[in-house]
Structures are given as structure tokens and as C-alpha cells.
Amino acid sequence: MIKKALCCVMLLCVIFSGGCWNYRGLNEMSIVSGFSIDTDGESGELKVSFQVVDLVGNIQVEGINGKLLESSGKTAFDAARNAKRNIIGKLYFGHTQLVVISQDIARNVDLKDTIDWMLHDSELRETLKIAVSGGETAKEILNYETILSPIVAFDVSKYIEEDNKITASIPYRQLYEVYNTLEGEGIDLTLPALCNMDNNGEPSAKLCGTAVFKGQRLAGFLDADETKYLLFTTDEIEGGLITFPAEGKGKDDTTLEISKNKTKRSFSYKDGKLVIEVAPETDVFLTECKVHFDALDKKMISMLEQNAAKTLAERMAQHIGKIQSEFGADIFGFGNMIYKKDHALWQKLSADWDTLFPELEVVVNAKVNIINTASIKE
Amino acid sequence: MFRSSSKKKQAVIDEAVKDLNEDISDAVLVPSLEENMAIIDSLFQDVEVYKTKYIKNAHNDKLGFCIAYSSGVSDKVYIGENIIEPLSSSGALAESGDLLATLNDKVIQIPDIEQTDSLLSVVEAISYGDTVLFTDGVAQALILNTKSFIHRSISEPESERVLSGPREGFTETLMTNLSMLRRRVRTNKLKMKSYTLGKRTKTICSICYMEDVVNKKILQELYKRLDKIDIDGVLDTNYIAELVKDSQLSPFRTTGYTERPDTVIARLLEGRIAIIVDGSPAVLTLPFLFIENFQSSEDYYMNYYYTTFSRMIRMFGFFLTIIVPGLYIAIVAYHHEMLPTQLLLNITVERQGVPLPASIEAFLMLIIFDILRETGVRMPSNIGQALSIVGALVIGQSAVEAKMVAAPMIIIVALTGITNLLVPRLSGPVIFLRYAFLLGASLLGFYGLVLTTSAATIHILNLRSFGIPQMMAAGNVRFQEVKDTFFRAPWWKMLLRPKGLTKNKTRMKSGGNAP
Numbered sequence: 290m291i292k293k294a295l296c297c298v299m300l301l302c303v304i305f306s307g308g309c310w311n312y313r314g315l316n317e318m319s320i321v322s323g324f325s326i327d328t329d330g331e332s333g334e335l336k337v338s339f340q341v342v343d344l345v346g347n348i349q350v351e352g353i354n355g356k357l358l359e360s361s362g363k364t365a366f367d368a369a370r371n372a373k374r375n376i377i378g379k380l381y382f383g384h385t386q387l388v389v390i391s392q393d394i395a396r397n398v399d400l401k402d403t404i405d406w407m408l409h410d411s412e413l414r415e416t417l418k419i420a421v422s423g424g425e426t427a428k429e430i431l432n433y434e435t436i437l438s439p440i441v442a443f444d445v446s447k448y449i450e451e452d453n454k455i456t457a458s459i460p461y462r463q464l465y466e467v468y469n470t471l472e473g474e475g476i477d478l479t480l481p482a483l484c485n486m487d488n489n490g491e492p493s494a495k496l497c498g499t500a501v502f503k504g505q506r507l508a509g510f511l512d513a514d515e516t517k518y519l520l521f522t523t524d525e526i527e528g529g530l531i532t533f534p535a536e537g538k539g540k541d542d543t544t545l546e547i548s549k550n551k552t553k554r555s556f557s558y559k560d561g562k563l564v565i566e567v568a569p570e571t572d573v574f575l576t577e578c579k580v581h582f583d584a585l586d587k588k589m590i591s592m593l594e595q596n597a598a599k600t601l602a603e604r605m606a607q608h609i610g611k612i613q614s615e616f617g618a619d620i621f622g623f624g625n626m627i628y629k630k631d632h633a634l635w636q637k638l639s640a641d642w643d644t645l646f647p648e649l650e651v652v653v654n655a656k657v658n659i660i661n662t663a664s665i666k667e
Numbered sequence: 004m005f006r007s008s009s010k011k012k013q014a015v016i017d018e019a020v021k022d023l024n025e026d027i028s029d030a031v032l033v034p035s036l037e038e039n040m041a042i043i044d045s046l047f048q049d050v051e052v053y054k055t056k057y058i059k060n061a062h063n064d065k066l067g068f069c070i071a072y073s074s075g076v077s078d079k080v081y082i083g084e085n086i087i088e089p090l091s092s093s094g095a096l097a098e099s100g101d102l103l104a105t106l107n108d109k110v111i112q113i114p115d116i117e118q119t120d121s122l123l124s125v126v127e128a129i130s131y132g133d134t135v136l137f138t139d140g141v142a143q144a145l146i147l148n149t150k151s152f153i154h155r156s157i158s159e160p161e162s163e164r165v166l167s168g169p170r171e172g173f174t175e176t177l178m179t180n181l182s183m184l185r186r187r188v189r190t191n192k193l194k195m196k197s198y199t200l201g202k203r204t205k206t207i208c209s210i211c212y213m214e215d216v217v218n219k220k221i222l223q224e225l226y227k228r229l230d231k232i233d234i235d236g237v238l239d240t241n242y243i244a245e246l247v248k249d250s251q252l253s254p255f256r257t258t259g260y261t262e263r264p265d266t267v268i269a270r271l272l273e274g275r276i277a278i279i280v281d282g283s284p285a286v287l288t289l290p291f292l293f294i295e296n297f298q299s300s301e302d303y304y305m306n307y308y309y310t311t312f313s314r315m316i317r318m319f320g321f322f323l324t325i326i327v328p329g330l331y332i333a334i335v336a337y338h339h340e341m342l343p344t345q346l347l348l349n350i351t352v353e354r355q356g357v358p359l360p361a362s363i364e365a366f367l368m369l370i371i372f373d374i375l376r377e378t379g380v381r382m383p384s385n386i387g388q389a390l391s392i393v394g395a396l397v398i399g400q401s402a403v404e405a406k407m408v409a410a411p412m413i414i415i416v417a418l419t420g421i422t423n424l425l426v427p428r429l430s431g432p433v434i435f436l437r438y439a440f441l442l443g444a445s446l447l448g449f450y451g452l453v454l455t456t457s458a459a460t461i462h463i464l465n466l467r468s469f470g471i472p473q474m475m476a477a478g479n480v481r482f483q484e485v486k487d488t489f490f491r492a493p494w495w496k497m498l499l500r501p502k503g504l505t506k507n508k509t510r511m512k513s514g515g516n517a518p
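Heads up: the sequence lines are chains G and Y, in that order.
Using our numbering, read the first sequence as starting at 290 and increasing by one per residue.
Using our numbering, read the second sequence as starting at 4 and increasing by one per residue.
Here chain G stands alone, though its shape is the one from the complex (with noise of 0.2 Å):
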């Protein structure tokens, strides 16, 4: 008797000890596909614009529709919460994939305080994607439809994540590695750009590179072929295309498509000299090629190789000392390199990083292969 009356007891300690979950019906929500957040130039208080997806209207005959949804408040929960006073279900963070910080926030706020709520808050994913918009608002993006969709945040959110697949123009961060390199030592943060470009007459919103932190505040920003190079540094490149002039100067004539890059990053430190080397060896296809030669002759491919590898190497060299000069920011994460090989070391130089990494010595050896040239002999 008292085993069983012991069982129950424990049974019912099982059901009530675990966690509060709310039945929460699919029609009593509204789902929010992303959001940006802007400055509220009267007030000074947040403006935050929700992207909700519209399920109320005629879906059968004109597909799913996203509607703005804009709101203001002391931060940005309190603008999520007061949004509810003009919308029937509550908002519902557990789909959103895309969130857009307008510039002015970007350079005037730390990035950390921005981002808190989403760190705490159950519902948002560590995996949302954080963009920083170039235009003048960040709600601009949000606002237009894309080509193919009128959800605008998932659209980009996707267009984000493929990116280093097909283009590399931009970095691919996820809420979870924004954190990480705020926290890290030695290496600065980079987040996609977003801007609004004229696509047939309407605005569109598209990638358009890299937005530069330099500790917890926008710095700036690098173009998508910049970015390139960036990502080739920082190994993080996975597909895309390099261009580089076949005979080893004048225009850009020949294109090679990114099959598989691995970049080696060391550094040595000699008689109080540092010096990083950075050695890209990426395997690629030849895909377009104006000087004419036969395919399968090994002297033009290997002269092509070299040409490639000078141009890579070159161009690597040149963003880096802009990064160096420019910015003053150590997005590479040579800082944080150190800091993982070498603490020692780390220790007794990271108090003057921020001036020593402008006269930083980077040597760029760039490696390419030619795999495939899709061409046959006769």
C-alpha cells in the first residue's frame, strides 16, 4: 500500500516538476518572419518593425502575404510587447530568421545591449541571422517585396545563408557567433549588409557586403568583392569566383569557380616581430577563359595557376593593409589566433593590439589548382 501510494506521489512530482509548457494553438499566434530595428528620431525611443505573415487573406488564390507591423517602445521587448495593442494574436518569435539593425543604431549603440533581449528570450533561435542595413532606416529593407516572395525575411534570411556557397559576398553569422566574437578576444565583428537596389522599377532588397565592427560599434563598411578576400583570409570561403587577367596584367579575362579552399593561417614572432602568414590553397575549375589555348597543355595551365595565385595573393595583401589602415579593426582574428596558439604570448601583447595590429606584417602565399577545364582532347 505504501509502495503504491509512494509510486503516485512520485508520478505526480514527475508530471507537475516538468516545466511550464502552454498549450498554445497555431491560430491564436501571429508568426513573425523578422524584424528591424530603427531610432525613433522624435522621441529617441526604439522603433521596432515586425514582419508578420499574413495567413488571414486569400491564400488559395494570391499565396502567402507578410504585413509591417510597426511599434515603438523603451526597448526592444517593450515595443514587442505593445505591439499586441493593435494586432489579435501575440507575436511569436520561435520562426524568426532575420533580424536588421539600421545603421544609426549600429554606430551609436553597443551591439551587446541591442542584442541582449534576443539572447534571453526563449522563443528567439540562436541561429537568427543579424544584418545591419546600409540605407538610411533598416525598416526600408523589410518593406519591399523581394522578387519572388512578399515574406521578405525569410527570403534574405535564405539569400544569407547560401551566400558563401555561390557568391561569398558577405560574412554568414548566426545570432549565437555575433555573441562569441563580441566576447572573444582579439578579433572584430563582421555582419552582413543589407541595402534596397532598383530591381525593373522597384526597390529589392539584396546583399551588398560586409559591415565592419570595430569592438561593439559599426566602423564601416567593405563592398561584396572585398568581402571576397575577407572571407578568403578568415577561411571561411566556400564557393564563388576569381577573376584575374589570363596573362598576368591589364583586365580581368578569366574566371575560376571556387571548388574547395582551405586556408592556412600561422604566425611567428621573432626578436619582438610579428609576422602572420596567410596561405589560401583553393582548388578550382576553369570556367571561362578568353585566351585561347588547348586545354589539356599543361605549360598554360600551370602559367594560369601562377597568374591566378599572383592576382589572389596580391589582392589579399592590398584588402588586408586597407582593413589595417582603414578600420584598425582586427576582423581577420589574427589577435584571437594568438590568443588560441600561443597564450603566453597573447598575454604580453594584447594590451597594445589595437596599435600594433595597423603595422602588422601579413604575408599573403596563395596556392591554386586547376582541377577541371571541362574540356576533352580531339
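A hint or two may mislead.
[As the list claims (entries may be wrong)] Once the Cα atoms are required to be at most 25 Å apart in a straight line, the calculated DSS-like pairs of lysine-lysine come out as:
(1) G/Lys579 - G/Lys599
(2) Y/Lys79 - G/Lys293
(3) Y/Lys56 - Y/Lys79
(4) Y/Lys79 - G/Lys379
(5) Y/Lys248 - Y/Lys219
(6) G/Lys401 - G/Lys363
[As the list claims (entries may be wrong)] Not close to chain Y: a few residues of chain G, all C-beta gaps over 12 Å, as computed:
(7) Asn311
(8) Thr328
(9) Ile353
(10) Pro492
(11) Arg506
(12) Phe574
Hints in this document: simulated from the structure, not taken from any laboratory.
Just so it is clear, CB atoms sit at the ideal spot from N, CA and C, and this is done for glycine as well.
Following the hints, position chain Y against chain G.
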């Protein structure tokens, strides 16, 4: 005056018959033909099919015989030719000597003769189609087997159809059933022991087993449990199945049943015991392993790649049919994050404007499905079309169009229903599991689902059949123990009999032409 005396007499006779009816188990015959017949006549009063015939021998008119039989269950021509004719004309009876021995050896032309002095066996024999021969001056009777029944012809069992393999099925007649078994195993090791069950029906059951393979302890345990049965009638094997069950309150079976002789033989060869009940084509086999719910005789008659796949499909179907409604509710009502975004949007679109919460909708639709299913079983077959129209059109299509229920719910119920048909042997327990999982999921989401699933798993793991665990223990699993469970190994790999059923484990010493 006359009336009252006749009434009194009648009362005395009634009293005597009542006593007899209540307990004739100890009564014996007396050496007087007249008295014996008076008793038998009174016992079979109001039984119109009961017939008697007095016979005198032509060579010895001192002898008096009487035969008693029931018309309809015995063969009259056979009785006339082999009993009445020899009795009345045989010269052997003119000589004096042991009368019963003479009858037995020289006169009666029937191979199956039994001698008795018990009134009870006489009554049972007459009821069951035998002819009983009473002789004047002898306190014994001869029971002569003259049984002749009309019975259903042998056909393929409706519930266990196969694509290839034997198409024979058991019928309601015990002897026919036994002959089907006998024919398949030509050895004296196949034992068939009779056991009578049912105080009133006196149903004969046959307990079959392979003497050298069966586990004797299980056999003893079976007899122990059968001896405890005190029921007035046994009309189907399920009466016995419930009376000898291990976990009496569990919805799961702890004994197997089949209508196929080939299946019975296969199980006997693995060391199981079969109980055949006269009057029922369903045969009980025991002990029962849980995996038998998913096995089919066809598994062994077709290619093992194919049957392994279909067995896995059956198991998968079992999991689906119990868990799908609960899983759907847990996701839709609690864990929206589990769904891919596009699916979430699609389901949400369907759920717009539906009045009931998803979990109540699920309960309603499942009950409607069960009603449809039960109707399909109970209704006369010639109005089947009406059901499918009402079921498919009205409830399926129109309910969704009228926004009474959401379309995904219909898909879920349909999936549940179809997968339910994959495991007909478990259709009973499955209903309860399904509702339990749905309830758990409705109250606590995934957490509730996990709780109820664990409870069900613990219950199934604890099931026993005649002391044998129905599920294999989790640890220490060897190939020979799983060869016939999740997959069906080729015959040349199934060297040992299933574990636990028997001590005589070796089915074959080598795989023959195995690669």
C-alpha cells in the same frame, strides 16, 4: 383424487430426474435393460432427436438389446448395417459365454468401441453422435462410434490470407482440424491429448505439442491453469485464452491464435503448445512472444529480403498508428519550433477559422474514425457503399470545406487508420495506447508523450506468457536471438529455435547449402 395422485407421481419422477440432472457423474448402470432405459429415457425427456430401438436376436430370443442414439449427428445407414443387422441375425449370439466379449469381437461391425458403466459417459456419448448399446442383464453399455456431422468445408481463413503458401484453414470440427495437423507431421512425437472443458458444454479440446521439443515445465503450468477453469461453456478459444492469461488486466494478448494449420505446425516445431477447441477454427498457441504480433506465416514462404522489409513496415506501422495523433498535437499545440517554417505556415493557414482547439479536434476525429471502423465490421455487407460515401465525402471532404475541422487532422486520422490495418493482431491494444498518448500530449506536450510512451514500454517489457518474457531482454543480444525479429534471416541462418521457448534449441546442425 385421481388428479392429485397423478400429480404426486409426476412430482416424484421430476424429483428423481432433477437429482439426476444435477449430478449424474457418480451414477452407474444397473443389470436391467428396462431400468436402464427408463433412466435414460427420463434423462432425455423432451429431447426430440433422441431415439431408441429394441432389438431381438433371431437365434436366441432370451437376449434383449436396445440401442440409443441421436438422429442428425449419427449415421443411420451405418447403424442399420453394422449394428442392427448383425445384432438381429448373428448366429454367434446363440452360444453362451461372455456376452460383451462376443458382441465386441464377433457381432458388431464397428472399429471404434468403448465399454462403460458410467451413466455420465453414456449421456455424453448419445449427445455427441455415438450409439450406445444396452444389453439385458449386463450392467455395462457399449459406446459405438457412429458420429456423422455436417460441417463447413475447408477454405482459406479470411483473416490470414497469403499471397503464396498453403491456403488451408481450420474448420469448426475438431477431428478435421486434427487430421490437418497429423497429415503435416508424420511422427509419433506429435502428441494430441484430449481435455474436456465446460461443465455443461463438455467441449473437447486437444492439446498438441512435440514431445521432444516442448518445454515440459510450460506444459505442466498449462495443465495447472486448465485444471483451475470452472466455466459452464467454452465456445471459442478466446474463453480459454482469457482464463489462462498471465497479465489479466493487460490489453495485450499473452497467447497467440491462428486459423492456419501450417502456422500451428511451425509453432509446434519451435516448442510451443497448441490448444484446439472443438467448435472453433481459431487455435491457441503458447507461449506467445511479442514479436509474433508482427510475424506472418508468409514471411517464411517468400524471399527473405522482401519479408524482412515488410516486417519492418509492419513494426513501423504499429509505431505510427499509436503515436501519430499524439505527436501531431504535441507539435501543433506546444512545440511549434519543431516544424519546418513552411510546414508551420501551411498548417497555420489550414487552422485559421477552425472552431475547436487542435487536441479536442483530434479526440473527436479519432472517435469518429473508430465509429466508422466499428460500423464497417458490424453492418451487413450489402450496404457497405453507403458507409464509404458517408465516411469519405461527408466527414472527410465536407467537414474540411465547412471549416469544422482542419485538413491536416484528416490526414493524421487517415494515416492512423491505414497503419492500424498493418497490425490486425494488435488492433485492440492499439486503440488504448493511441488515446493514452494523445491525452498525454494534449496535457503536457512532448513531455507527456515521453511519459506515456515510457509507461507503455515498461508495461510491454513486463509482459510474460506462461513465465516467458514476451520481449527479449535488452542486453546481450546475439544473432541467433534476433534472427527472426526485426528481420527474417534466411533459413540457412536460423540454426536455433527461438530463445526461451524450449531447452532443445538446435533446429538444424548446419545451414546445408549455405554460402
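Q. CA of Y/Lys79 to CA of G/Lys293, is that 25 Å or under?
A. With Cα atoms ~66 Å apart, Y/Lys79 and G/Lys293 exceed 25 Å; violated.
Q) Between Y/Lys79 and G/Lys379, is the straight-line Cα distance small enough, at 25 Å or below? A) The given pair, whose Cα atoms are some 87 Å apart, is violated under the 25 Å limit.
Q. Does the claim that G/Arg506 lies outside the interface with chain Y hold up, using a Cβ gap greater than 12 Å?
A. With a cut-off of 12 Å, G/Arg506 remains clear of chain Y, as the shortest Cβ separation is near 32 Å.
Q: Could you let me know if the closest chain Y CB is still more than 12 Å away from the CB of G/Asn311?
A: violated (7 Å)
Q: Say whether it holds or is violated: G/Ile353 keeps its Cβ farther than 12 Å from all Cβ of chain Y.
A: violated (6 Å)
Q | Restraint check for G/Lys401 with G/Lys363, where alpha carbons must lie at most 25 Å apart | A | holds (17 Å)
(Q) Quick check for students: does the CB of G/Pro492 sit more than 12 Å from each CB in chain Y? (A) For G/Pro492, whose nearest Cβ neighbour in chain Y is about 25 Å away, the distance exceeds 12 Å, so it holds.
Q) Minimum Cβ separation between G/Thr328 and chain Y greater than 12 Å? A) holds (30 Å)
Q. Taking the closest pair, is the beta carbon of G/Phe574 still more than 12 Å from chain Y?
A. holds (33 Å)
Q) Quick one, are G/Lys579 and G/Lys599 close enough, alpha carbons at most 25 Å? A) Holds: G/Lys579 and G/Lys599 sit about 19 Å apart, inside 25 Å.
Q) For the pair supplied as a hint, Y/Lys56 and Y/Lys79, is the alpha-carbon distance within the 25 Å limit? A) Distance of about 12 Å is within 25 Å: holds.
**Q.** Hinted pair Y/Lys248 and Y/Lys219, Cα distance within 25 Å
**A.** This hinted pair holds, its Cα atoms lying about 18 Å apart.
Of the hints listed earlier, those the structure fails to meet are numbers 2, 4, 7 and 9, in rising order.
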